[in-house]
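Engineer: Build the full structure now, drawing on both the sequences and the hints.
Residues per chain, in single letters:
Number of protein chains: 2
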Amino acid sequence: MRKVLLWAAGNAWLRDRVPRTAAARRAVRRFMPGERMEDALDAAEAFGRQGISTLFTRLGENLDALADADAVAEHYRGLIDAIAERGLDGHVSIKLTQLGLDLDVERAFEHTRALADHAVGRGGMLWIDMESSPYVETTVALYERLLTVQPRAGICLQAYLRRTPGDIQRLLPHAPAIRLVKGAYAEPVDLAVQTRTEVDAAYAACALVMLQARAAGTPIEVGLGTHDVRLVELIEHHAAAIGLDRTAFEVQMLYGIRSDEQRRLAAAGYRVRDLIAYGDAWYPWYLRRLAERPANLAFAFRQLVPF
Amino acid sequence: MRKVLLWAAGNAWLRDRVPRTAAARRAVRRFMPGERMEDALDAAEAFGRQGISTLFTRLGENLDALADADAVAEHYRGLIDAIAERGLDGHVSIKLTQLGLDLDVERAFEHTRALADHAVGRGGMLWIDMESSPYVETTVALYERLLTVQPRAGICLQAYLRRTPGDIQRLLPHAPAIRLVKGAYAEPVDLAVQTRTEVDAAYAACALVMLQARAAGTPIEVGLGTHDVRLVELIEHHAAAIGLDRTAFEVQMLYGIRSDEQRRLAAAGYRVRDLIAYGDAWYPWYLRRLAERPANLAFAFRQLVPF
Chain A
1 MRKVLLWAAG NAWLRDRVPR TAAARRAVRR FMPGERMEDA LDAAEAFGRQ GISTLFTRLG
61 ENLDALADAD AVAEHYRGLI DAIAERGLDG HVSIKLTQLG LDLDVERAFE HTRALADHAV
121 GRGGMLWIDM ESSPYVETTV ALYERLLTVQ PRAGICLQAY LRRTPGDIQR LLPHAPAIRL
181 VKGAYAEPVD LAVQTRTEVD AAYAACALVM LQARAAGTPI EVGLGTHDVR LVELIEHHAA
241 AIGLDRTAFE VQMLYGIRSD EQRRLAAAGY RVRDLIAYGD AWYPWYLRRL AERPANLAFA
301 FRQLVPF
Chain B
1 MRKVLLWAAG NAWLRDRVPR TAAARRAVRR FMPGERMEDA LDAAEAFGRQ GISTLFTRLG
61 ENLDALADAD AVAEHYRGLI DAIAERGLDG HVSIKLTQLG LDLDVERAFE HTRALADHAV
121 GRGGMLWIDM ESSPYVETTV ALYERLLTVQ PRAGICLQAY LRRTPGDIQR LLPHAPAIRL
181 VKGAYAEPVD LAVQTRTEVD AAYAACALVM LQARAAGTPI EVGLGTHDVR LVELIEHHAA
241 AIGLDRTAFE VQMLYGIRSD EQRRLAAAGY RVRDLIAYGD AWYPWYLRRL AERPANLAFA
301 FRQLVPF
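Quick mapping for you: the protein sequence lines, in order, are chains A and B. At the far end of the first sequence sits residue 307, using the working numbering, and the numbering has no gaps. At the far end of the second sequence sits residue 307, using the working numbering, and the numbering has no gaps.
It is possible that some hints are incorrect.
Stated by the list, open to error - Listed next, the stretches of chain B that the computed footprint assigns to chain A, with coverage defined by at least 3 CB atoms under 8 Å from CB atoms of chain A:
no., stretch
1, 159-169
2, 197-210
Claimed, not checked - Cβ-Cβ distance ranges computed for the label pairs, FRET-style:
no., chain 1, residue 1, chain 2, residue 2, range
3, A, N62, B, P134, 56 to 62 Å
4, A, A215, B, L191, 20 to 26 Å
5, A, A84, B, K3, 52 to 58 Å
6, B, A268, A, E137, 24 to 30 Å
7, B, D260, A, G123, 56 to 62 Å
8, B, D117, A, G217, 56 to 62 Å
9, B, Q50, A, E137, 39 to 45 Å
10, B, T148, A, A215, 25 to 31 Å
11, A, D64, B, Q194, 48 to 54 Å
12, A, P151, B, G87, 57 to 63 Å
13, B, T148, A, V105, 57 to 63 Å
14, A, R152, B, A268, 39 to 45 Å
Just so you know, these hints were derived from the structure itself, not from any lab. Yeah, the Cβ is synthetic: ideal placement off N, Cα and C, and Gly gets one too.
Structural biologist: Right under this line is the structure:
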């Protein structure tokens, strides 16, 4: 089922048709407050009142034309301004392919650097999201380069990838901010561990290595980008033994997933950041969310039966 | 099924009757070369020729009389001599309750210290096995004390226990040798994580914390006491990223379980130690082995159908 969903996520015919159906629009509302930036900003204000900060992203991946990348960058510049004007604790997450990585690496880097500088200048921060395995090396290398000119920026790493322990060590000397996720693409066995128990073990190992570096004085910001609350609590428990409390990392969950847990964790003194996506290009992103969690899928089935 | 087996492991009526049946004796031979010390030593010689070292233990747990503890200690003294006389790379694992912990803590400590000294004097090493949760604090405290008089000795810690991350940190300043196992007793949820994926994540976290300490120069010997080869390989992979190779830890498996993997790992340059049990008090130990692994259980069913 997971493989079918990930296949469907990459299928152009479906991508052109499914989002137009009313049932699909209804289903995706579980994971998005709305398609407009203002919907996302309004939702973030409500989260702020509950002590939950926000990571915004506009959906959309690979582009066909460089002019589109410039438009995306301009859009994010406006988003950063809007976050600051509303006084939100809001960070911004971009995908490099949204900024033209497939067309012109240098232009993508310049957009990223400019957005990272702008975000920091307005009291926020830019995070580089991670994409499927062919993009990982380029993304890590670009992030390393970014840190030499803008030291406050983050990257997402995927625990299921076999290269990730090495990427963590490679980034540690650069005072990185790392958002650790389990990983949601269909990757081959030589690149990624495959079973739930291996992915969880890899996740715990990556998290503890980063937190132990932090406990030893290495400047690193750790975001645990997972909805697996048991795993978060297990990591917190191990972190406590090495002298770190629950504020040593941030818990980052998607809008609409385990909302009750997000509020509970925030009330219990965890730093919680809700990732709010918006925009109309939600189809592949939505299917990856379904592939991630059986609970999401069960919900979707009830919504999607019509088509 | 796991709970039934663990209940049966503690049942006195069964313990008195099951081991006398021929079917049970046949079944347990999968996990023991024989009941006599000589059977274990002969098996160890064969392992030695394959580059696999040995950890010996004589089965038997809680005792009724202190004289029995003295006899057990005397037996282990003879085992240590026999290992040395045969020129084996053999360590010895004892349970503190075998040495009278329930009856006289000081006597148990003195036996342990004397055996640890004797083992080191003859070129070997003593490991303290871990028992169910009521014994953990006493065992860790006794091990700490042992290290002040005999710096070369080991202990077993159980990854599923919530206290274990704290025990690791507590022991790290004492240059410990820690054999990490997943944990095989029935423990309540407030003391131990319960699901496979949580236990594996806890195991990976404990292992990486210890290996990272080792990579940072803390003197610690790490034994991975698990038959979960995928988990071993995952830990090795993460260890490699922090600059350690596969000789930074020892893989410790039980006799008769994944024998092919033990040989394969030894041939591939891992340090492998096979835990050989012997003695006639194998009943509760055997049932815990069955509870641990569905594969063991399937094998046992075929042997045990008669009763």
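Engineer: Is it true that A/A215 and B/L191 lie within 20 to 26 Å of each other by Cβ?
Structural biologist: Distance hint for A/A215, B/L191 holds at roughly 25 Å.
Engineer: Using the C-beta atoms of B/T148 and A/V105, is the stated range 57 to 63 Å upheld?
Structural biologist: With Cβ atoms ~59 Å apart, the hint holds.
Engineer: Falls inside 52 to 58 Å, the C-beta gap from A/A84 to B/K3?
Structural biologist: This hint holds: roughly 57 Å between Cβ atoms.
Engineer: Indicate whether the distance between the beta carbons of A/D64 and B/Q194 respects the range 48 to 54 Å.
Structural biologist: 50 Å Cβ-Cβ, so the 48 to 54 Å window holds.
Engineer: Cut-off 8 Å, C-beta pairs, minimum 3 residues; does the coverage of the stretch 197-210 of chain B by chain A stand?
Structural biologist: holds (count 12)
Engineer: Between B/Q50 and A/E137, is the Cβ distance one that fits in 39 to 45 Å?
Structural biologist: holds, 40 Å
Engineer: Measuring from beta carbon to beta carbon, are B/D260 and A/G123 in 56 to 62 Å?
Structural biologist: This hint holds: roughly 59 Å between Cβ atoms.
Engineer: Verify this for me: three or more residues of the stretch 159-169 of chain B with a beta carbon less than 8 Å from a beta carbon of chain A.
Structural biologist: holds (count 5)
Engineer: Is the gap between the beta carbons of A/R152 and B/A268 within 39 to 45 Å?
Structural biologist: This hint holds: roughly 44 Å between Cβ atoms.
Engineer: Assuming the hint says 56 to 62 Å, is it satisfied by the Cβ distance from A/N62 to B/P134 or not?
Structural biologist: Check passed, 59 Å falls within 56 to 62 Å.
Engineer: Taking the CB of A/P151 and the CB of B/G87, does the distance hold inside 57 to 63 Å?
Structural biologist: Holds: the Cβ-Cβ distance is about 59 Å, inside 57 to 63 Å.
Engineer: Verify the CB-CB distance for B/D117 and A/G217 against the hinted window 56 to 62 Å.
Structural biologist: Since B/D117 and A/G217 have Cβ atoms about 39 Å apart, the given range 56 to 62 Å is violated.
Consistency with the previously given hints fails for number 8 only.
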